[in-house]
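Trainee: Assemble the complex: chain A is given as a structure, and chains B, C, D and E must be docked to it using the hints.
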Amino acid sequence: MIIRERPVGPRLFFVLRGSILNRILVPLTGTTLTAVVVTLLHGELLHHKINVTTIPFSLIGIALAIFLGFRNSAAYDRYWEARKLWGDVVHRSRSLARQARCLVRGAVPAQAALGLGDLRVRIVWRTVALAHALRHHLRDTRPELELARYLTPAEWAGLQAASNGPEYLLQRLGDDLRRGLDDGAIDSIVACEMDQTLAAFAAAFAGCERIKGTPIPFAYSLLLHRTAYLYCFLLPFGLIDALGFVTPLVVAFVAYTFFGLDAVGDEIENPFGHGYNDLPLDAICRTIEIGLRESLGDEHIPPPLQPVDFWLR
Amino acid sequence: MIIRERPVGPRLFFVLRGSILNRILVPLTGTTLTAVVVTLLHGELLHHKINVTTIPFSLIGIALAIFLGFRNSAAYDRYWEARKLWGDVVHRSRSLARQARCLVRGAVPAQAALGLGDLRVRIVWRTVALAHALRHHLRDTRPELELARYLTPAEWAGLQAASNGPEYLLQRLGDDLRRGLDDGAIDSIVACEMDQTLAAFAAAFAGCERIKGTPIPFAYSLLLHRTAYLYCFLLPFGLIDALGFVTPLVVAFVAYTFFGLDAVGDEIENPFGHGYNDLPLDAICRTIEIGLRESLGDEHIPPPLQPVDFWLR
Amino acid sequence: MIIRERPVGPRLFFVLRGSILNRILVPLTGTTLTAVVVTLLHGELLHHKINVTTIPFSLIGIALAIFLGFRNSAAYDRYWEARKLWGDVVHRSRSLARQARCLVRGAVPAQAALGLGDLRVRIVWRTVALAHALRHHLRDTRPELELARYLTPAEWAGLQAASNGPEYLLQRLGDDLRRGLDDGAIDSIVACEMDQTLAAFAAAFAGCERIKGTPIPFAYSLLLHRTAYLYCFLLPFGLIDALGFVTPLVVAFVAYTFFGLDAVGDEIENPFGHGYNDLPLDAICRTIEIGLRESLGDEHIPPPLQPVDFWLR
Amino acid sequence: MIIRERPVGPRLFFVLRGSILNRILVPLTGTTLTAVVVTLLHGELLHHKINVTTIPFSLIGIALAIFLGFRNSAAYDRYWEARKLWGDVVHRSRSLARQARCLVRGAVPAQAALGLGDLRVRIVWRTVALAHALRHHLRDTRPELELARYLTPAEWAGLQAASNGPEYLLQRLGDDLRRGLDDGAIDSIVACEMDQTLAAFAAAFAGCERIKGTPIPFAYSLLLHRTAYLYCFLLPFGLIDALGFVTPLVVAFVAYTFFGLDAVGDEIENPFGHGYNDLPLDAICRTIEIGLRESLGDEHIPPPLQPVDFWLR
Amino acid sequence: MIIRERPVGPRLFFVLRGSILNRILVPLTGTTLTAVVVTLLHGELLHHKINVTTIPFSLIGIALAIFLGFRNSAAYDRYWEARKLWGDVVHRSRSLARQARCLVRGAVPAQAALGLGDLRVRIVWRTVALAHALRHHLRDTRPELELARYLTPAEWAGLQAASNGPEYLLQRLGDDLRRGLDDGAIDSIVACEMDQTLAAFAAAFAGCERIKGTPIPFAYSLLLHRTAYLYCFLLPFGLIDALGFVTPLVVAFVAYTFFGLDAVGDEIENPFGHGYNDLPLDAICRTIEIGLRESLGDEHIPPPLQPVDFWLR
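Sequence order for the protein chains is A, B, C, D and E. With my numbering, letter number 286 in the first sequence gets 328, and the count goes up by one each step, no holes. With my numbering, letter number 295 in the second sequence gets 337, and the count goes up by one each step, no holes. With my numbering, letter number 71 in the third sequence gets 113, and the count goes up by one each step, no holes. With my numbering, letter number 78 in the fourth sequence gets 120, and the count goes up by one each step, no holes. With my numbering, letter number 126 in the fifth sequence gets 168, and the count goes up by one each step, no holes.
It is worth saying that the hints were derived from the structure and are not from the lab. Just so you know, not all the hints are guaranteed correct.
Note that the list lumps identical chains together, so a pair holds whenever it fits in one copy or between two copies.
To be verified - In the SDA-like style, the derived pairs of lysine to any residue whose C-alpha atoms are separated by at most 20 Å in a straight line are:
no. : residue 1 : residue 2
1   : K126      : R355
2   : K254      : N319
3   : K91       : T76
4   : K126      : E341
5   : K254      : G159
6   : K254      : I45
7   : K254      : P349
8   : K91       : L276
9   : K254      : R355
10  : K91       : L58
11  : K254      : T183
12  : K254      : I332
13  : K254      : E47
14  : K254      : N206
15  : K126      : I45
16  : K126      : L156
17  : K126      : L276
18  : K126      : R65
19  : K254      : P346
20  : K254      : R125
21  : K126      : P52
22  : K126      : H178
23  : K254      : G157
24  : K126      : H316
25  : K254      : Q348
26  : K254      : D324
Excised from the complex, chain A in its bound form (with noise of 0.2 Å):
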């Protein structure tokens, strides 16, 4: 994610960081080469004059635009339930580690110190790397060694091996509240409302494994790229005769707006990655880190993250 004061004056046009242009600097420089061409031919195709006129372009950009914004609509939105759902991961590991230090009885106060062994300790340790695990799960890597201290060995070993690690650890914490209640650490009670923060961590990760499967309907995604394409390569014919030799700068103006937009929510449309658009999660995932072991007194609890040239992972 970029963050950033948005930019005054000529230095906006300067900023590549974070910029779609990237993207589409190829169809974009093609348009314009096409415009070109078409602007030195005069419109003419193998000595016939090709008037297009701006009409089409008048009734198919209005449906165009209205097609895009859609698009974009629903690519935002896409990332803003992400972000939501990412939020919720957040709270939802507060209560479960405020709930595993307060409703759980145990002998002396919950604290870092008491180590795995003790059941309070273990599900925040468990939840800290409960969200590590879901970012791995999300972006396609693999756990890293930070988190085998969060975890026994066995769950360590079991998490490697597991084909969904965050509902492995799940499982895991499902299992504690089944000792809790054989040890009498907890009551049914107690067991059944930890488990609806369990029941909302599966539902958080079964939101955020729906957007990372199922795109926008690619017959959509389709449709809309062909008939922005179309567009902008015939626009040149539309264009030369009203505006002659300033008809590539038009055109490329026009490309710009219209790829653009597109791009923009192609870069969206999948928030998880590890691009300058997606998510933090590094950094909420840290923020969660912070704020759990804070809550057992632990030491040596790291800095947040920051940003590194406007740009935070």
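Mentor: Chains B, C, D and E alone, transformed into the frame defined by chain A:
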């Protein structure tokens, strides 16, 4: 569901699978042929010049585009809500299995090897069958024999006789709660917690039935189709004077855009079918099956479904 | 509700059932006749040429189209929310029946044969009556005698006297919870679980009453109708110079689109009526009835309602 | 709220009640007079021809229309959310009354005749007062003496002194839960169930306060009003050359549409007032009152409020 | 937040407070000066006539307007969601205070005079501090000394050291639930009920952090700003031939509208600042403080905050 990267460059125009071109081929050809005839006759019918000009097409074009945009939004919302409901089925399945494994009392940890005689295993297996049964219910197919292994013979017979398969299985899950209460394996609190998960299933099922059974009001679709057809078939009379022999090309372009937007809405309005742009219910059910069987330590678990020629069913 | 495949080709224009053509026939004819008169007079009134040109129609056309689009969205949202609320009624009915059958203690499994004397059967039967009563309440019809078989004579009399039928039955369901608590058939936990289902019913009922009782603000509809009428009746004066004798045809086309969009919003704004584009409440209630009777092993269950001439009531 | 069928034909133009015409009469007249003056001067100011042409109005017109559409959506969403919140008040009232009658233990069934000394009757009566108090709170009116009969003298005095009437009554309901717990009339489970209903009331109240207290950001309204006014006042300079003496008519038509759309948003943005297009809070409160009194078998219940001259307050 | 009636007539144009004019003054002036220069040179650059005509501006104008509309919707949704989240903070605060006063056992009714030693008073006072702490957290200000009176000295010190103030206080509230469980002042059921309120607070906090920390994707804003700037700076070359010396006036009008729409989105995108169009967090916190102190019968309660020069902070 088609899963592929967006094709770039000229290849964009040679993708057929997932395109809506075959849906609109007939009216598109009809419109273009009309335009060819009008062009050859110079817009005259029975020696009378029909001069419509482009004015009405500008006036109506905006309304048509906005209306197409509205219907596409509505159709996409249905598609996305359907996917959300199946996301609910995914995480409720996992939560019900976790509740069965962890909140229900048992002498030994729940394992697949205990078989259908164990209350916890029975609930988990039936949850797998539930997802499959919903899939068959929505696609109007018969439950396949593979479901039988997750059910007792009596239930498998009952499922085949039931008018509403998923609802039948939900009732059997409710019966198991009663049995668990009578056995003392669960108390009222846990029974109500699990009953809430059953209620959430019922809500997801009713949501899917709603989307399947209630199309966008017929008056809308009819008005929209009529306007789009009239628009495109009258268009040559409006363009012939300004564009001459380019008219059929432009009419084909405009008709492709408007018919295409119309058809793509039809395509995804009911997302439970077997088409290229429908939801991959087979793959989602397989995901549930894998997760639940893993959670019971089952063996011979099948792999996830993969797209075939970019198509995930 | 009209359920049929979208008609293709010329047949598209000969569908009347479910079309809004009869709603707009009067103003459409009026507008077209006005256009004919204007065309015959060459746009002159009392020997003064009224030259409006198409400019104002372009300026207002966009606002009108956007506004029609907004109102159609609002009307469709009402339609869809109403359907969702009835979806709630469906799955809450099933859940209440499941809770009655499984969470309420009884000497033998709940069966229809036990009759209204059994608390569980009474709750299920009353739930069937509840859906029917809501349907009658929303359509301003009297509960039919067929409801009587699901109620005790006293309740049937009370229902006919109540100002709000569904609310009356909800209160009786609440009374049964009290009786169950007093008998020991349920404990506080189960009573509260079932009370939440009753509260969800109350929410769905209030939602339906809200949609029925609160139309889109009158000022909106009035402004929209006035603008649309002015637009279409003035249009001939704007087109006559450019289009000549084709003017009435074009005016009819434009008026059909704008009046049609306006009328289709009126049509679905209140979806609880008996029209072609209203919700099929009879069929939904029948679905609930079948499901609940099946769950109690009842006999002589009626079949689902089918569309008659594409119309499902 | 105006409740009437949409007037048809010429009568459409003679409806004043509920129309926004009186809100826009001044600027509409001003704009039209400006247009008359410009027409008489043939667009010349101080012998300099001001030739704006229609181009800028086309360019800005779309942005203005989209923006008006956006603001109308936002205003309508507020209106509809306000109605939903009152729908919540309706069904939460009924549910709280049902819970008081059925979940609270008592020697005899709850009846109005038991009077305010009975915990259950007291809760139901106070719920009636709660709805009325919210209505007065939102409309900045004083609670009327009619409320006194639903409250003890101490509470009636306290309500008049409280800075936030509905919140004061909610606290008294909470106190009654405490009393019920101390008396043994309810256990913790029922107390929490009823406390959740109180929390839902608090949420509905906070929602209404939010809509009342937080208008659409002033910067939006200001920008929109300014653009609309500039647009309409400059319009005659753009039309005079093309339209001649028809200019004032067209300007009036355009101004009516744009000012009207602007004003209708103002009208419903805060729906808690006493105007024609505000929510009928009196009638909704009466509905609650009737339902709750019926549920206790009360007598002399007032009839529902009816619209007077199509106006339901 | 600016609270005032919409100014009418000419005064509409002399409101500065809350207007976005000062945000767009530089580019607006720049654009207008460019237009003046272009007008003086008659559109010639280095003796070459640059004839762009209005065609490209029509084609791009719609896309730009739709895109501005989309971004404004997104920005307003953020503003309104932020307000909703603070509405949640308001009613959750009231509900937590009610639960503390009524569901927690105590020898005497809860009163402010009992002081922080009483569990119930401590929870209510800490809830007041919680709202203030969230306000400071979102506005990056330090908690003021006035908070100290609602906290024990140890907590006040801990709050100042915590990386996340509101989260720190939520954990302390959780600790109090533990203490209440250990003392027998609450049972598991009440503890879980209150824990759900704490979880709802955590959700509201995470929502506010999300809005504060995740702007609309940078690629969107960048593309939009670039298109708007290019559009307005090129516009004079398109208008000069048609409009002559009126060009700068028209360019200024168009630029005011487009830059204004762009800027108003920036203005409300992050509503937690100290600007004229930000949410009045001071006033909302004061409202909470008054309500909670009243509920404990406290004295010397401060009055609600009032707008100063129409500005409510």
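Trainee: List, from low to high, the hint numbers that the structure doesn't satisfy.
Mentor: Hints 4, 5, 10, 16, 17, 18, 21 and 23 are the ones this structure does not satisfy, whereas the remaining hints hold.
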